[in-house]
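Trainee: The listed protein sequences derive, respectively, from chains A and B. Residue numbering for the first sequence follows my numbering, starting at 1 and increasing by one per position. Residue numbering for the second sequence follows my numbering, starting at 345 and increasing by one per position.
Since the hints were derived computationally from the structure, they do not count as laboratory data. Model, not experiment: these values are computed from the prediction. Yeah, the Cβ is synthetic: ideal placement off N, Cα and C, and Gly gets one too.
So, partial list: chain B residues that the calculated Cβ filter (under 7 Å) puts toward chain A:
{"id": "1", "residue": "T450"}
{"id": "2", "residue": "H485"}
{"id": "3", "residue": "E487"}
{"id": "4", "residue": "I489"}
{"id": "5", "residue": "L491"}
{"id": "6", "residue": "I499"}
{"id": "7", "residue": "V501"}
{"id": "8", "residue": "V507"}
{"id": "9", "residue": "Q509"}
{"id": "10", "residue": "M511"}
{"id": "11", "residue": "E581"}
{"id": "12", "residue": "L599"}
Calculated from the model, a selection of chain B residues having no Cβ within reach of chain A, i.e. all distances over 10 Å:
{"id": "13", "residue": "Y366"}
{"id": "14", "residue": "N385"}
{"id": "15", "residue": "R421"}
{"id": "16", "residue": "E425"}
{"id": "17", "residue": "T519"}
{"id": "18", "residue": "L537"}
{"id": "19", "residue": "K554"}
{"id": "20", "residue": "L561"}
{"id": "21", "residue": "Q568"}
{"id": "22", "residue": "P613"}
{"id": "23", "residue": "D617"}
There are 2 protein chains.
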Amino acid sequence: MSDESELSGRQREILRLIIQEYVVGGRAVGSQSLIERHPLNVSSATVRNEMSALERLGFIEQMHTSAGRVPTDRGYRFYVEEYASDSALPANDQIMIRHQFRQVETQLESWLELAASVLAGFARNVSVVTSPRTAVSRLRHFELISLQERVVLLIMVTQESTVHQAMLHVAEAVTQEELSASADRLNAVFQNLTIAELRANVAGLADLDKLVGEHLLATMESTQASERTEVHYQGIEHVLQQPEFGGSRFAQQLLELLRGGSLLSELLPQISDRDGLQIFIGEENASEGLRPFGVVVATYGVDNEVTGLLGILGPRRMPYERSISSVRYMARLMSDLMRDLYSA
Amino acid sequence: MSDESELSGRQREILRLIIQEYVVGGRAVGSQSLIERHPLNVSSATVRNEMSALERLGFIEQMHTSAGRVPTDRGYRFYVEEYASDSALPANDQIMIRHQFRQVETQLESWLELAASVLAGFARNVSVVTSPRTAVSRLRHFELISLQERVVLLIMVTQESTVHQAMLHVAEAVTQEELSASADRLNAVFQNLTIAELRANVAGLADLDKLVGEHLLATMESTQASERTEVHYQGIEHVLQQPEFGGSRFAQQLLELLRGGSLLSELLPQISDRDGLQIFIGEENASEGLRPFGVVVATYGVDNEVTGLLGILGPRRMPYERSISSVRYMARLMSDLMRDLYSA
DNA sequence: GTTAGCACTCATTTGAATAGAGTGCTAAGA
DNA sequence: TCTTAGCACTCTATTCAAATGAGTGCTAAC
Chain A
1 MSDESELSGR QREILRLIIQ EYVVGGRAVG SQSLIERHPL NVSSATVRNE
51 MSALERLGFI EQMHTSAGRV PTDRGYRFYV EEYASDSALP ANDQIMIRHQ
101 FRQVETQLES WLELAASVLA GFARNVSVVT SPRTAVSRLR HFELISLQER
151 VVLLIMVTQE STVHQAMLHV AEAVTQEELS ASADRLNAVF QNLTIAELRA
201 NVAGLADLDK LVGEHLLATM ESTQASERTE VHYQGIEHVL QQPEFGGSRF
251 AQQLLELLRG GSLLSELLPQ ISDRDGLQIF IGEENASEGL RPFGVVVATY
301 GVDNEVTGLL GILGPRRMPY ERSISSVRYM ARLMSDLMRD LYSA
Chain B
345 MSDESELSGR QREILRLIIQ EYVVGGRAVG SQSLIERHPL NVSSATVRNE
395 MSALERLGFI EQMHTSAGRV PTDRGYRFYV EEYASDSALP ANDQIMIRHQ
445 FRQVETQLES WLELAASVLA GFARNVSVVT SPRTAVSRLR HFELISLQER
495 VVLLIMVTQE STVHQAMLHV AEAVTQEELS ASADRLNAVF QNLTIAELRA
545 NVAGLADLDK LVGEHLLATM ESTQASERTE VHYQGIEHVL QQPEFGGSRF
595 AQQLLELLRG GSLLSELLPQ ISDRDGLQIF IGEENASEGL RPFGVVVATY
645 GVDNEVTGLL GILGPRRMPY ERSISSVRYM ARLMSDLMRD LYSA
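Please build the complete structure, drawing on both the sequences and the hints.
Mentor: Next up, the structure:
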């Protein structure tokens, strides 16, 4: 992989310009138009020579003879490494975002929503945010509220301070007093237990306590499962505006990915938990379904106890600089916010 | 408005066929193609004569000379009144839907989600479902849970059995015991109070109780406000597939409406609370922004205490029959489900 | 190493011709 | 009086060829 070192300063510059030009314009860029728009102080012929060198090295390609050049995945990769990898969000944008977060309720759902919205806006593409998943979820507290004679509302708070609810239908009428008593008893024992520990404990219970314990366990399990699949996304409108959409069913594919829920299962395998920000361009994506896209994604969370995913999904031709800086910033911000929510 | 009675049986039949043909095909329909596909036992010339009569009466129109006819808003209206207004969902579809609802958690959010999804699927268009709004919201119960020394989680259940949460930051450290005591005191007093009644009561409190009361009040108010604007929608993919989208920014407009949140404010003024199902076709819509669309919408809820909105949004050229039957059925189903949730 | 010049390629645009679907009107038939 | 065959006419959509234009690679001169 010493190819990049083979690139002369001028070649790098030309490659950079081609990519920038292509990302905003969406049309293949030729030697002539390039020198018209940028002061390179060389002739178009020289640029052509350099271009053909860049093409030989695999950074750009032509769709057909006598069309301009278009970046390859490798070209984007070079650009990302060279120019975009350590880009940061402008300070005033950071302030603006923090301000928005301050105005919203202190609540996981609101934050996820806002994060998705901010990301989509900055990167002008589809943003994806998952709720944080915990390695081992622990119960913090639960309450039982009698709604009707035989209908009970179970409210459960997990260690991450997220609130879950479930409606229980019981066979025999039960009073609020009985419910409260049971909840008190069980809360004392169940505090901070994991699902596995809960399961062990529930086995030894009897009567109402057993019933409640079983429902509690089921609810813990189901929330754990649903958190794994839930994806917040936003910003389809940006994709609809892009020329890639014209005719081809680009947006369709994307929507299918998002709506069908297969996104996570396609994305997760290629994410390494420890690295911060990761970028997958086109063919770099492990799964077939993601190959038409560019992905900029980062994990956020507290230590390794809770981690969520957040990123940008769009055509390969995407403003990587903006995407990277906003994803990186947002991941850090969300991690900070999570710390408030999550306390042992 | 005796025009409809002026329509001969054959005219009605031709109009019906034109609309059905146009709704599935999306292309203007001509006299020739009509008799080819349907056994009318008359010549195309006769159909042409009838068509020109229908056009004179305003039920169909031509885009330009020598193109087929396309239904006008009035044409759709006729069709809806005549053929679609009392259509019902096939029994096996009803069973299938009920089955899906039985498989999902007994929980408002899940129901709304599922309702939106089912509606979108049946009508093959964008579905819209709002959470039920209560005329006067009453507090049923609340809990306080200490998260950190100065961070408290407030969980609130309203009369409709929906759970709301808020994170409170308090100035001085407070223990779980103090919180529980305060919650017990206030729950006893506040049970079943409306926002207005709460406000009056909070004024007379002191110390921790006052603090809690104020937060409780604020949370009640904010949930009331947010419920007014929240809209679940689903099914954009169907709209993207339709020819109306080609070129024109039809889907863009729709997305703007949905995402911008202006949908409700545009839709609500024209909905009369008492009527069940309502249909607005194109220009019939009161607000400018809705004019390009057809809307089939119904209210659901219990008596007049809680009411939500649910419906289909799509191009004027939409399968009204399917839309109407599924919206009507779903409104009834949701009302039934609400009754379980909502008990005085 | 750079660049002007040139021949060549190929997608896109343009314009004209044509086919196709549809209409309205008229006159003849039932 | 209603129906319909026939026909002239109107428009859109399609097709096809030519023109356009952006771009390329190569070569020879600077």
